[in-house]
Amino acid sequence: DAKTTQPPSMDCAEGRAANLPCNHSTISGNEYVYWYRQIHSQGPQYIIHGLKNNETNEMASLIITEDRKSSTLILPHATLRDTAVYYCIVRPYGAGSYQLTFGKGTKLSVIP
Amino acid sequence: DTGVSQDPRHKITKRGQNVTFRCDPISEHNRLYWYRQTLGQGPEFLTYFQNEAQLEKSRLLSDRFSAERPKGSFSTLEIQRTEQGDSAMYLCASSDKGGAPSDTQYFGPGTRLTVL
Chain P
1 DAKTTQPPSM
11 DCAEGRAANL
21 PCNHSTISGN
31 EYVYWYRQIH
41 SQGPQYIIHG
51 LKNNETNEMA
61 SLIITEDRKS
71 STLILPHATL
81 RDTAVYYCIV
91 RPYGAGSYQL
101 TFGKGTKLSV
111 IP
Chain D
1 DTGVSQDPRH
11 KITKRGQNVT
21 FRCDPISEHN
31 RLYWYRQTLG
41 QGPEFLTYFQ
51 NEAQLEKSRL
61 LSDRFSAERP
71 KGSFSTLEIQ
81 RTEQGDSAMY
91 LCASSDKGGA
101 PSDTQYFGPG
111 TRLTVL
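Heads up: the sequence lines are chains P and D, in that order.
Start counting the first sequence at 1; every next residue gets the next number (my numbering).
Start counting the second sequence at 1; every next residue gets the next number (my numbering).
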């Protein structure tokens, strides 16, 4: 059973910020939120992860609500190369919790 | 290139044949994972190794599937008596921090299997 809910598709104009939402209302205290993306015919690529604080790296920002039931991945200036399927994953840490459980993700199309 | 590599990238086989895929993880990564991805779906976990020990297997890994990592470096995934339902992308990933929050799995490009 899915632990996250994402819209199946979104469009974003090139150069604008892309905001990808994710609902994870049943998240537990020891579960992190991870984001991966998969460009067509390639393996998934790690983007960012977080627990409860907002996180930023060179690729994106992750905003997690205070109750941790939802989050938003922000690509600040989307380019055509950001067109991909984006996966939001909740994953516990600790012994025996290594696998990633992917849903269907959000297909982001960046439009020129 | 120091990323995860997989070989072959594409494999076409006839139903009933055996196939074997290879994965070379990032150097010194002690954890290695196999996933399967069918069209339109996200990747699904198959199995996981820590060094040479296979520690976890999904129920998706039927008796026709076997994975090995004999020296704790590269891994192979063999499918015996292939069926059309085995057609999928087979992905390999590696990491070095186990269940730690900072653990990041890095994926290879995948092997696309087509069973005719």
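Bear in mind the hints are in silico, worked out from the structure with no lab data behind them.
Don't take every hint at face value.
Label-pair restraints from in silico Cβ distances [to be verified]:
#: 1; chain 1: P; residue 1: Asn53; chain 2: D; residue 2: Glu83; range: 24 to 34 Å
#: 2; chain 1: P; residue 1: Asn57; chain 2: D; residue 2: Gln50; range: 42 to 52 Å
#: 3; chain 1: P; residue 1: Thr56; chain 2: D; residue 2: Asn18; range: 45 to 55 Å
#: 4; chain 1: D; residue 1: Gln17; chain 2: P; residue 2: Asn54; range: 47 to 57 Å
#: 5; chain 1: D; residue 1: Gly16; chain 2: P; residue 2: Asn53; range: 32 to 42 Å
Remember, predicted model here, so these are calculated numbers, not experimental data.
Ideal Cβ placement from N, Cα and C applies to all residues, glycine included.
These are the hints, each one checked on the structure:
| no. | hint | result |
| --- | --- | --- |
| 1 | P/Asn53 - D/Glu83: 24 to 34 Å | violated, 47 Å |
| 2 | P/Asn57 - D/Gln50: 42 to 52 Å | violated, 27 Å |
| 3 | P/Thr56 - D/Asn18: 45 to 55 Å | holds, 47 Å |
| 4 | D/Gln17 - P/Asn54: 47 to 57 Å | holds, 51 Å |
| 5 | D/Gly16 - P/Asn53: 32 to 42 Å | violated, 53 Å |
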